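**Student:** Go by the hints and put chain U onto chain A.
From first to last, the protein sequence lines are chains A and U.
Residues in the first sequence are numbered consecutively from 229, following my numbering.
Residues in the second sequence are numbered consecutively from 5, following my numbering.
Errors might be hidden in some of the hints.
What the hints assert, rightly or not - Here are the computed distance ranges between Cβ atoms for each label pair:
hint, chain 1, residue 1, chain 2, residue 2, range
1, U, 7, A, 236, 39 to 47 Å
2, A, 293, U, 7, 37 to 45 Å
3, A, 240, U, 57, 45 to 53 Å
4, U, 70, A, 324, 26 to 34 Å
5, U, 72, A, 287, 22 to 30 Å
6, U, 32, A, 266, 24 to 32 Å
I should point out that these hints are in silico values taken from the structure, not numbers from a laboratory.
The structure displayed is predicted, hence computed values, not measured ones.
The beta carbon of each residue, even a glycine, is placed where N, CA and C say it ideally should be.
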Amino acid sequence: NAGVTQTPKFRILKIGQSMTLQCTQDMNHNYMYWYRQDPGMGLKLIYYSVGAGITDKGEVPNGYNVSRSTTEDFPLRLELAAPSQTSVYFCASSPPNGYQETQYFGPGTRLLVL
Amino acid sequence: AQSVSQHNHHVILSEAASLELGCNYSYGGTVNLFWYVQYPGQHLQLLLKYFSGDPLVKGIKGFEAEFIKSKFSFNLRKPSVQWSDTAEYFCAVMDTGRRALTFGSGTRLQVQP
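Next up, chain A with everything else stripped away, as it sits in the complex (with noise of 0.2 Å):
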């Protein structure tokens, strides 16, 4: 299994483009998840989603949107970049088997905004 994968790696935007970051995962999870990391700061939830067709808000939602039209597909779109989106984004995948599940994490994609 390659895990959780993501793409671009690294991305520069202009201020008002928009752009999506790709996550895949291939180990058949329902819950997936997205993170931002900001400069010394942990890492904070944008959006979630418990299977194909339902996703919902986390803690920092706003400028983000999401889909999860497939299980293995939960991509995050950026419509107006801002240079306060300016992080390391993080996708994550857990198994379905009740809460006691650990968090799978893609290596990230680094987005600068400028």
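**Tutor:** Okay, now just chain U, sitting in the frame of chain A:
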């Protein structure tokens, strides 16, 4: 709302020194606690986790953590650190409803040879 506090932001140790990183949490429900590690340039990896039972939890690479309910703490320990332990360490508590994690701000550990 749940929260996690890590009081040590940057720790510098010499090889073979003992390590203890503090973690305090606030959460009203059933507590599931985690320590993750992020080595330079790599993604987060699970060190250990606590769900229930023995409050002393052993993880990978010689790390352990003790859950003390009365102190709302879940401190990470290692008797003798190595240069390869240089990394950032994150404590996290799980929201069992959303099954999402709330992270502390992290502790950067630098081990000098």
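**Student:** For each hint, tell me whether it holds in the structure or not.
**Tutor:** Against the structure, the hints:
no.	hint	result
1	U:7 with A:236: 39 to 47 Å	violated, 32 Å
2	A:293 with U:7: 37 to 45 Å	violated, 27 Å
3	A:240 with U:57: 45 to 53 Å	holds, 48 Å
4	U:70 with A:324: 26 to 34 Å	holds, 30 Å
5	U:72 with A:287: 22 to 30 Å	holds, 27 Å
6	U:32 with A:266: 24 to 32 Å	holds, 26 Å
The structure fails to meet hints 1, 2 from the earlier list, while all remaining hints are met.
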